[in-house]
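Novice: Listed below are the residues making up each chain.
Number of protein chains: 2
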Amino acid sequence: MAEHIEITEVGPRDGLQMAHGMMPTAQKSAWIRAMAEAGVAAIEVGSFVPAKIVPQMADTPDVVRDAVTIPGLRVVALVPNLRGAQAAYEAGAHAITIPISASNSHSLANTHKSTEDQIAEVARICAWLAEQPRRVHVEAGVSTAFGCSMEGTVPVDRVVWTASGLSSAGADTLALCDTVGYAHPALVRTTIRAVRDAIGPKLRTLHLHDTLGMGIANALAGLEEGIRAFDGALAGLGGCPFAPGASGNVTTEDLVFMLESMGFSTGIDLQKLLATRALLAAGLPDEKLRGQVALAGIPRTFHKAA
Amino acid sequence: MAEHIEITEVGPRDGLQMAHGMMPTAQKSAWIRAMAEAGVAAIEVGSFVPAKIVPQMADTPDVVRDAVTIPGLRVVALVPNLRGAQAAYEAGAHAITIPISASNSHSLANTHKSTEDQIAEVARICAWLAEQPRRVHVEAGVSTAFGCSMEGTVPVDRVVWTASGLSSAGADTLALCDTVGYAHPALVRTTIRAVRDAIGPKLRTLHLHDTLGMGIANALAGLEEGIRAFDGALAGLGGCPFAPGASGNVTTEDLVFMLESMGFSTGIDLQKLLATRALLAAGLPDEKLRGQVALAGIPRTFHKAA
Numbered sequence: 001m002a003e004h005i006e007i008t009e010v011g012p013r014d015g016l017q018m019a020h021g022m023m024p025t026a027q028k029s030a031w032i033r034a035m036a037e038a039g040v041a042a043i044e045v046g047s048f049v050p051a052k053i054v055p056q057m058a059d060t061p062d063v064v065r066d067a068v069t070i071p072g073l074r075v076v077a078l079v080p081n082l083r084g085a086q087a088a089y090e091a092g093a094h095a096i097t098i099p100i101s102a103s104n105s106h107s108l109a110n111t112h113k114s115t116e117d118q119i120a121e122v123a124r125i126c127a128w129l130a131e132q133p134r135r136v137h138v139e140a141g142v143s144t145a146f147g148c149s150m151e152g153t154v155p156v157d158r159v160v161w162t163a164s165g166l167s168s169a170g171a172d173t174l175a176l177c178d179t180v181g182y183a184h185p186a187l188v189r190t191t192i193r194a195v196r197d198a199i200g201p202k203l204r205t206l207h208l209h210d211t212l213g214m215g216i217a218n219a220l221a222g223l224e225e226g227i228r229a230f231d232g233a234l235a236g237l238g239g240c241p242f243a244p245g246a247s248g249n250v251t252t253e254d255l256v257f258m259l260e261s262m263g264f265s266t267g268i269d270l271q272k273l274l275a276t277r278a279l280l281a282a283g284l285p286d287e288k289l290r291g292q293v294a295l296a297g298i299p300r301t302f303h304k305a306a
Numbered sequence: 001m002a003e004h005i006e007i008t009e010v011g012p013r014d015g016l017q018m019a020h021g022m023m024p025t026a027q028k029s030a031w032i033r034a035m036a037e038a039g040v041a042a043i044e045v046g047s048f049v050p051a052k053i054v055p056q057m058a059d060t061p062d063v064v065r066d067a068v069t070i071p072g073l074r075v076v077a078l079v080p081n082l083r084g085a086q087a088a089y090e091a092g093a094h095a096i097t098i099p100i101s102a103s104n105s106h107s108l109a110n111t112h113k114s115t116e117d118q119i120a121e122v123a124r125i126c127a128w129l130a131e132q133p134r135r136v137h138v139e140a141g142v143s144t145a146f147g148c149s150m151e152g153t154v155p156v157d158r159v160v161w162t163a164s165g166l167s168s169a170g171a172d173t174l175a176l177c178d179t180v181g182y183a184h185p186a187l188v189r190t191t192i193r194a195v196r197d198a199i200g201p202k203l204r205t206l207h208l209h210d211t212l213g214m215g216i217a218n219a220l221a222g223l224e225e226g227i228r229a230f231d232g233a234l235a236g237l238g239g240c241p242f243a244p245g246a247s248g249n250v251t252t253e254d255l256v257f258m259l260e261s262m263g264f265s266t267g268i269d270l271q272k273l274l275a276t277r278a279l280l281a282a283g284l285p286d287e288k289l290r291g292q293v294a295l296a297g298i299p300r301t302f303h304k305a306a
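First to last, the protein sequences are chains A and B.
Under our numbering, the first residue of the first sequence is numbered 1, with each subsequent residue one higher.
Under our numbering, the first residue of the second sequence is numbered 1, with each subsequent residue one higher.
Hints in this document: simulated from the structure, not taken from any laboratory.
Check before you lean on any hint, since a few could be wrong.
Claimed, not checked - Now the stretches of chain B that chain A is said to cover, found in silico as 3 or more residues with beta-carbon under 8 Å:
hint: 1; segment: 140 to 154
hint: 2; segment: 171 to 184
hint: 3; segment: 210 to 222
hint: 4; segment: 253 to 263
hint: 5; segment: 293 to 303
Claimed, not checked - Heads up, incomplete: computed chain A residues facing chain B, CB under 10 Å, no partners named:
hint: 6; residue: Met22
hint: 7; residue: Ala87
hint: 8; residue: Glu90
hint: 9; residue: Glu253
hint: 10; residue: Met258
Just so you know, even glycine gets a beta-carbon here, dropped at the ideal spot from N, CA and C.
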């Protein structure tokens, strides 16, 4: 029996928020449904941010309400603050993810709050959710965990401090996020070890970008350090605002190809997942779709893990 | 003191042989010279194959004769047979590389000879070179070592058998070549271990293609298995005739970025290496140049290994 890896598809959130066009709500929901039918068990379907800042996410309540009707799908929403968490709760999201930047400059630039103030906001979110009748999983993502376009190197100690604060604030699990895509495999290993030493098994997820072509190799390094949950975006969607032209998230299809080839089970049917690119292309005709497995086709040597 | 990794740039051979256009000899030589000045210590500058089969390589004798005048550069040429080895010797190449396919179907399709007959040809080449006054290093490359577009899975036992035959035939070192780009990290590890068990430290090089986006991750797996020599091609040059549209060799720049970031020394100045892409683009204006480090730029967090 193959060991299971949980893939969270973040394209509808991390991909679409950076897209040139707006994907209509009905097409977004159809794409999400198709990915769920391909076996993607967790999808970050949108974010509860002000529509005037990210107009692509204005329909997130509707997208969440539709997604929660899909049998077996874990519906994740990104929230920036308590108000967003309350909206996600009301829409019925099963889990929320809250990005908190380890780089204080990045935190101030994106949220007008320091890392410390943001950790306090996570505590308020966890306290509010604890009083609600329905359980919602809280994952806190340590953004810029492997470097920052504003501050450069982010010391591992600072990442550990941020992760420890988020753990104490009540987050159920944590993600380490290579927001700008500066990570390399040795740094991934070092950081995972240091954070795990501090917070133990609450460290759950790697969220990687492929800006410098290291995405899949960084996932491999994380896998070898025991990480069993990864974010990815279909077609490598998602730009990096600080590295124009560079590619976005690690490509889900290529990640699934590697994991299944190596004998890990993702629950995802790679052929069906590739077929969902057509829905993405239809909904966002101007977006460049990436991914080598899609380009070359699944090789005849590929065997899905048992 | 950082541990050294030897990078052999194969773009002028594995890249240009698949290119849509012909790079003029003078521009080829200027590009090779620029890469050597960027610190690339070994370059596979061409192949001694019949010009009517690969017209892009017709000027290889001239390219070799120019390259051997570059101080400190190890000049490698690909040869398919004894006649090619003799021509490479006469032109002054320091090393030759001979690709021998572990897949018999692939061997027959490419050379009209079986793997076994090709191993015998390597023995003839090594015997002939042993009688010459000048020493030329012989690296035999086990092609299709991680899968074949014709036969599919190539059993590891077959790869070990091929490698053992090439070692016995007198090759100084061996490379494992992912000719069509089907490898994944677990297979890279398994194959390296099995081949090393059979032939020991003669196993030297990994030659990887990025068809399925696994190139850098496969290099990482090889690195972790103790491999300290890698082929790469600037801008990911080189197509795969059996996977149209798929990308070619692992991108040298991205590989150097990973290795130097991880604290290994390649001797290559990444900024200068990136600058040589302009010479490649000038000589082959219709070719698509790949590589994420070139696209995104070297991040401010990058530090060359000491």
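Novice: Taking the closest Cβ pair, is Glu90(A) under 10 Å from chain B?
Specialist: The hint is violated - Glu90(A) has no Cβ within 10 Å of chain B, the shortest such distance being about 39 Å.
Novice: According to a criterion of three or more residues whose C-beta lies within less than 8 Å of a C-beta of chain A, is the segment 140 to 154 of chain B covered?
Specialist: Since three or more residues must qualify, the claim that chain A covers the segment 140 to 154 of chain B holds, with 4 doing so at under 8 Å.
Novice: Does the closest beta carbon of chain B sit nearer than 10 Å to the beta carbon of Met22(A)?
Specialist: 26 Å, violated
Novice: So is the segment 293 to 303 of chain B in contact with chain A by the C-beta rule, three or more residues under 8 Å, or is the coverage claim wrong?
Specialist: n = 7 at 8 Å, threshold three: holds.
Novice: Okay, the segment 253 to 263 of chain B and chain A, do three or more residues pass the C-beta test at under 8 Å?
Specialist: Result for this restraint: holds, n = 6.
Novice: Going by Cβ atoms only, is Met258(A) closer than 10 Å to chain B?
Specialist: Holds. Min distance 6 Å.
Novice: Against chain A, does the segment 171 to 184 of chain B show at least 3 residues with beta-carbon separation below 8 Å?
Specialist: This one holds; 4 residues, not fewer than the three required, reach chain A with a Cβ under 8 Å.
Novice: Is the interface hint satisfied for Ala87(A)? The criterion is a beta-carbon contact with chain B at less than 10 Å.
Specialist: 34 Å, violated
Novice: Tell me whether the statement that chain A covers the segment 210 to 222 of chain B is true, taking a Cβ distance below 8 Å and needing three residues at minimum.
Specialist: holds (count 10)
Novice: Would the stated hint for Glu253(A) survive a check requiring a Cβ distance to chain B of less than 10 Å?
Specialist: 9 Å, holds
Violated hints, listed in ascending order, are 6, 7, 8; each of the other numbered hints is respected by the structure.
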